[in-house]
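The primary structure of each chain is shown beneath.
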Amino acid sequence: MTQRRRTGFSRRSFLAGTGAVAAGLTFQPKMSWSAEEPKLSFYNWDTYIGETTLDDFKGASGIEVSMDLFADNDELFAKLKEGNPGYDVIVPTNDYVERMISAEMLLPLDHSKIPNFKNVSKAFRDAAFDPGRQHSMPYMWGTIGIGYRKSKVKGVPDSWKALLDSDQYSGRIALLGDAQAVIGTTLKYLGHSFNSRNPEEIKKAEALLIKQKPHIKVFADDNGQDLLLSGEVDLTMEWNGDILQVMAEDDDLSYVVPKEGGELWQDCLAIPNGAPHPDNAHKFINFILDAEVGAAIADFIQYATPNEAAKKLMPPEYVNNPAVFPSDEIIQRSEPPLYRGEEAIQLYDAAWTRIQAA
Amino acid sequence: MESWRQNRVVFWVLGIPPTLWLALFFVIPLGIVWFISFGEKRGLIDIAITGTLDNYARALQPLYLQIFWKSIWMAGAATLICLVVGYPVAFAIAFAPERWKIWLMLAVILPFWINILIRTYALIAVFRTRGFANFTLEWLWEKGDWVLATAGLGEYHLLGERFVPLNMLYNNYAVSMGIVYAFLPFMILPLYANIEKLDRSYMEASFDLGAGHWRTFTSVVFPLTWHGALSGIIIVFIPALGAFFIPELLGGTDSQLIGNVIERQFKSANDWPFGGALSFLLMYATFGALALRAVLVGRGKALEV
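First to last, the protein sequences are chains D and Z.
Under the working numbering, think of the first position of the first sequence as 1, with each following residue one higher.
Under the working numbering, think of the first position of the second sequence as 1001, with each following residue one higher.
Treat the hints as calculated values from the structure; they're not laboratory data.
Certain hints may be false.
Unchecked claim - Calculated lysine to aspartate or glutamate pairs in the EDC-like style (CA-CA distance at most 20 Å, straight line): (1) D:Lys203 x Z:Asp1254; (2) Z:Lys1101 x Z:Asp1199; (3) D:Lys118 x D:Glu308; (4) Z:Lys1041 x D:Glu260; (5) D:Lys81 x Z:Asp1046; (6) Z:Lys1267 x D:Asp221; (7) D:Lys211 x Z:Asp1254; (8) Z:Lys1041 x D:Glu104; (9) Z:Lys1267 x D:Glu82; (10) D:Lys152 x D:Glu82; (11) Z:Lys1041 x D:Glu82; (12) D:Lys79 x Z:Asp1046; (13) D:Lys58 x D:Glu308; (14) Z:Lys1267 x D:Asp74; (15) D:Lys203 x D:Asp250.
Whenever a hint applies, use it, and build me the whole structure from the sequences.
Right under this line is the structure:
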């Protein structure tokens, strides 16, 4: 999966700087084993926390948080795969939560230490990828849809057909550079499951993408929104948060989740195995699920919060923005990315290699 | 003075750190990848080293061979362009007045002070549809059109009805240009070092004996600086062969090189054994190139005698 947060403010550069300190922290031995030292190492996406959240937490609990940044789930997974280098709280996306649970890389959460779980909207209190929410708490959620330039596109491109099965916008289309997102979305367009493991269905999606390739300008790894903003393409498959950021800079841009539905992702807070400060980690997760803290974060990063209590504190421009909160109907048709198993992942990767080599 | 070769203490003190360094950060990690390439995945994380050759068999499928071939071809083309561009530049620097030399060398080395990733992103800003290159072309077009209109030729639209921006990014051409841009200094530096050492009197003799510039270059200069060119070719070609972020950033839908496939195996596809096998095939190709160099240099030496 690709990067979906971008830097923008100097504040964030400062946070990134403090993140570098995290590495030093991790090698310090635990001071005592009765009470934890007031420290916490947080491994997060870029631009993905409130402006003052970490300082506020320090004020409230006395615990000093150092934040390190990762660019994509693969980086997070690869780093923790060989053993936890010292992180206390991480932010994996749902399919990676599932992967990490099955590889026993996450600590079970103690719900009695997270009373603010009650703030979480009912829809997010249980999850197929983490039954009973034993290992993860929802942090933010969102969709993959089409970002487009209104003046260059006829009407609203409310079907994936415009990107995947038509020459109407030939040469002005960017797709994501992510095998599972692109093939999954194509499967969705063809009426199959986003998470299909059926080799024949995957083959069909591959054939359609190869047929469509001459009309696609580029598979954008993490810059579809920049291509859209600079006029390089007029339609791009992207994460909603990325498009929201460029929509703020250019009124001519818009975002829609096509009627076939798409990927519905959920980033989660979790504690990796071997975390040096699990108690502090629970306090931190509970703090983030607080209504006001959650609202401050959502207000700053403009992603959809699963925190019902926080959402109530948010202004109507945010709550009623269809690019943040798509209609229930669209949500019904969308699917969360699931961990498809190692064999299926190889199928997807080989198909992706063939698509790009074609 | 006693040679350091004869002094055991000096020899060990000087010899151990680099040897340890090489073992710790090169031989051991590479060895691990080599072992993994003979392994099988067991679930998400575990890899069992079973001595299987399946990964290599998969890597030798036509699909991947075709990508290997494309990578070799692209890296080769970029190396050739570097050579053709690098020779005259290295020449110009070597023959420039002494006080200019340092500035010219600085101009070649200066880009190294900026991270290659940032420089590649900068290329995007220059060459995209609404980038600086196209802005310049548009400005030239407007001036040209105005001149034509003033000359009374306006209605013929000799320069086209309106300016059409060039598509300079997101294709294989952009990828080879990106590679040339990134690695050109690696070609210029060894060439310069060799040309600098060249005894000018050979060239004067050649001119005195009636040879022209081209003949002097092919018969005198090139044979004498050919080792520099070979070194340049090797240090440009090898990293170009494994390039992955340049095609990722500048390439179009068909610009995937073997570096990209390998990167995916270690990340999203989570298939380290296959990635290891692909990496080692790439490395064997590199060894092949180095062996070829050794043979060519050897033959060159034989000729000189």
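| Hey, Lys1041 (chain Z) versus Glu104 (chain D), does the alpha-carbon distance stay inside 20 Å? | Satisfied, since the Cα-Cα distance of roughly 17 Å is no more than 20 Å.
| request: With a cut-off of 20 Å on the C-alpha distance, tell me whether Lys203 (chain D) and Asp1254 (chain Z) pass. | output: holds (19 Å)
| Proposed proximity, Asp1254 (chain Z) with Lys211 (chain D) (alpha carbon, max 20 Å) | holds (13 Å)
| request: Assess, step by step, whether the Cα of Lys1101 (chain Z) is no farther than 20 Å from the Cα of Asp1199 (chain Z), and give holds or violated. | output: holds (18 Å)
| said: Just to be careful, I want the Cα atoms of Lys1041 (chain Z) and Glu260 (chain D) compared with a cutoff of 20 Å; is the pair within it? | reply: violated (35 Å)
| Is Lys58 (chain D) close enough to Glu308 (chain D), meaning Cα to Cα at most 20 Å? | Violated, at about 24 Å.
| said: Checking one constraint from the list: CA of Lys203 (chain D) to CA of Asp250 (chain D), max 20 Å. Satisfied? | reply: At roughly 38 Å apart (the allowed maximum being 20 Å), Asp250 (chain D) and Lys203 (chain D) break the hint.
| Lys1267 (chain Z) paired with Asp74 (chain D) [C-alpha distance capped at 20 Å] | Satisfied, since the Cα-Cα distance of roughly 5 Å is no more than 20 Å.
| field | Pair hint Lys1267 (chain Z) and Glu82 (chain D), alpha-carbon separation not exceeding 20 Å | value | Holds, at about 14 Å.
| Taking 20 Å as the top limit, are the C-alpha atoms of Lys152 (chain D) and Glu82 (chain D) close enough? | violated (48 Å)
| said: With the threshold set at 20 Å, check whether the alpha-carbon distance from Lys1041 (chain Z) to Glu82 (chain D) stays at or below it. | reply: Measuring from Cα to Cα gives roughly 15 Å; hence the hint holds.
| 20 Å Cα cutoff - pair Lys118 (chain D), Glu308 (chain D) | The given pair, whose Cα atoms are some 9 Å apart, holds under the 20 Å limit.
Against the hints set out earlier in the document, violations occur for numbers 4, 10, 13 and 15.
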